[in-house]
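Input sequences plus hints: build the corresponding full structure.
So the sequences go chain by chain: A and B. Residue 25 in my numbering is what sits at position 25 of the first sequence, and the numbering runs on without skipping anything. One gets my numbering by counting positions in the second sequence from 1 and adding 117 to each.
Mixed in with the good hints, there may be bad ones.
[Stated by the list, open to error] Here are the computed lysine-lysine pairs in the DSS-like style, where the Cα-Cα straight-line distance is at most 25 Å:
id : chain 1 : residue 1 : chain 2 : residue 2
1  : B       : Lys175    : A       : Lys115
2  : A       : Lys63     : B       : Lys123
3  : A       : Lys63     : B       : Lys124
4  : B       : Lys202    : A       : Lys115
5  : A       : Lys31     : B       : Lys175
6  : B       : Lys285    : A       : Lys63
7  : B       : Lys285    : B       : Lys271
8  : B       : Lys290    : A       : Lys57
9  : A       : Lys63     : B       : Lys254
10 : A       : Lys64     : B       : Lys175
11 : B       : Lys285    : B       : Lys241
12 : B       : Lys157    : A       : Lys57
The hints are simulated quantities; they were obtained by calculation from the structure and are not laboratory data.
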Amino acid sequence: MRLNYPTNIKIIRVPCTGKVDILHILRAFEKGADGVYAVGCMEGECHYNSGNLRARKRIEQAKKILDTIGVGGERVQMRNLSSAEGPRFAQYASEMDELIRKLGPNPIKLASKKKAA
Amino acid sequence: MIVADKKPIEEIIKEIESYNRVLILGCNECVTVCEAGGKKEVGILASALRMYFLNQGKDVKIDEVTLERQCDHEYLEEIRDRVDKYDAVLSLACGVGVQFMAEKYQTLPVYPGVNTCFLGVTEKRGLWTERCQACGKCILAKTAGICPVSRCAKRILNGPCGGSTNGKCEISKEVDCAWQLIIDRLKALGKMDDYENIIPLKDWSTDRAGGPRKVAREDVQL
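The following block contains the structure:
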């Protein structure tokens with residue numbers, strides 16, 4: 001298919017989105033990520049039954065925490081697709097890139113740079 | 118186990134925002150099981166607080182330690198050599214742990230990071246319900262293993278009362294009538310004759326009504 005998607009997206013592979021913990025998401029922001037999104041299988045089609053549903057709940061919790069601390073919950077998103085949907089994968093990546101560009105850089109990254117300076 | 122619930126981050130921020138070096142202290146026992154104050158919750162809270170203070174332009178050092186328990190001297194002693202490095206401790210243990218921590222380290226401010234709720238069970242993941250009020254004189258032998266002190270809104274010892282309808286309590290349709298549960302279980306056990314035995318007035322002096330309590334066991338004391 002030779003599809004393109006934004007090069008600023010770093011893929012972290014996990015066996016199932018159910019492996020993704022709130023702490024992984026928060027640490028990503030602490031380390032300067034501008035946004036994090038989890039791409040899981042279609043709901044109801046998880047190989048481990050409920051991994052993607054757990055991921056969605058954790059994403060929701062991370063959103064709440066990020067909203068509370070002023071980083072912005074919108075920077076975390078959950079998306080679902082089937083593994084045969086390459087074009088949708090590329091589409092989600094572009095959408096996420098667009099969303100994050102609209103929101104601007106992670107304020108934590110800016111604050112740590114300021115602190116270091 | 119002792120069941121606790123998370124405190125809102127906003128409330129925790131208000132408690133500790135005047136300090137520059139804070140230790141978040143988790144507990145590996147009950148609060149880990151009820152997902153309120155274990156190693157993972159310590160990590161999440163520490164990460165969130167670090168980001169919050171950094172974003173506010175404040176230089177606050179937030180460290181994480183999770184002890185095996187906070188209700189025993191030996192585990193709290195493990196941090197004696199490092200508590201000097203902190204201005205305050207945010208304990209994610211139950212109220213017992215918070216207080217014992219405060220007792221042992223007189224000059225160190227200790228703040229609670231969770232709301233301690235009750236003695237209960239994990240009915241399913243994410244749902245904890247009360248089972249015991251630690252009244253100090255267990256009557257479960259007489260009530261088919263179901264406690265009317267903790268599970269009946271009125272703590273009635275010879276029930277049910279007139280508020281019991283279709284097995285539910287009058288305070289809420291979601292609350293089981295403890296005495297209905299007791300009768301159902303007595304029937305299942307074939308012990309309905311026991312229901313005829315009136316439970317006498319309970320000695321509440323061992324409950325909180327008698328003031329703070331203690332258990333002193335000379336047989337195990339050194």
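Verification of the hints:
The straight-line distance between the Cα atoms of Lys175 (chain B) and Lys115 (chain A) is roughly 9 Å, inside the 25 Å bound, and the hint therefore holds. The hinted pair formed by Lys63 (chain A) and Lys123 (chain B) meets the criterion: a straight-line CA distance of about 16 Å does not exceed 25 Å. A threshold of 25 Å between alpha carbons decides the hint, and for Lys63 (chain A) with Lys124 (chain B) the separation of about 17 Å falls inside it, so the pair holds. Between Lys202 (chain B) and Lys115 (chain A), the direct Cα distance comes to roughly 22 Å. Compliance with the 25 Å bound is thereby established for this hinted pair.
A threshold of 25 Å between alpha carbons decides the hint, and for Lys31 (chain A) with Lys175 (chain B) the separation of about 17 Å falls inside it, so the pair holds. Our distance criterion of 25 Å between C-alpha atoms is broken by Lys285 (chain B) and Lys63 (chain A), whose separation comes to about 37 Å. Taking the CA atoms of Lys285 (chain B) and Lys271 (chain B), the gap is about 13 Å. The hint holds against a cut of 25 Å. Restraint check for Lys290 (chain B) and Lys57 (chain A): the C-alpha separation of about 28 Å exceeds 25 Å, so the hint is violated.
Among the hinted pairs, Lys63 (chain A) with Lys254 (chain B) is inconsistent with the structure: their alpha-carbon atoms are about 46 Å apart, more than 25 Å. Between Lys64 (chain A) and Lys175 (chain B) the alpha-carbon distance is near 22 Å, which keeps this suggested pair within the 25 Å criterion. Of the pairs offered as hints, the one joining Lys285 (chain B) and Lys241 (chain B) holds, with about 21 Å between alpha carbons and a cut-off of 25 Å not exceeded. For the hint linking Lys157 (chain B) to Lys57 (chain A), the alpha-carbon distance of about 16 Å falls within 25 Å, and the restraint holds.
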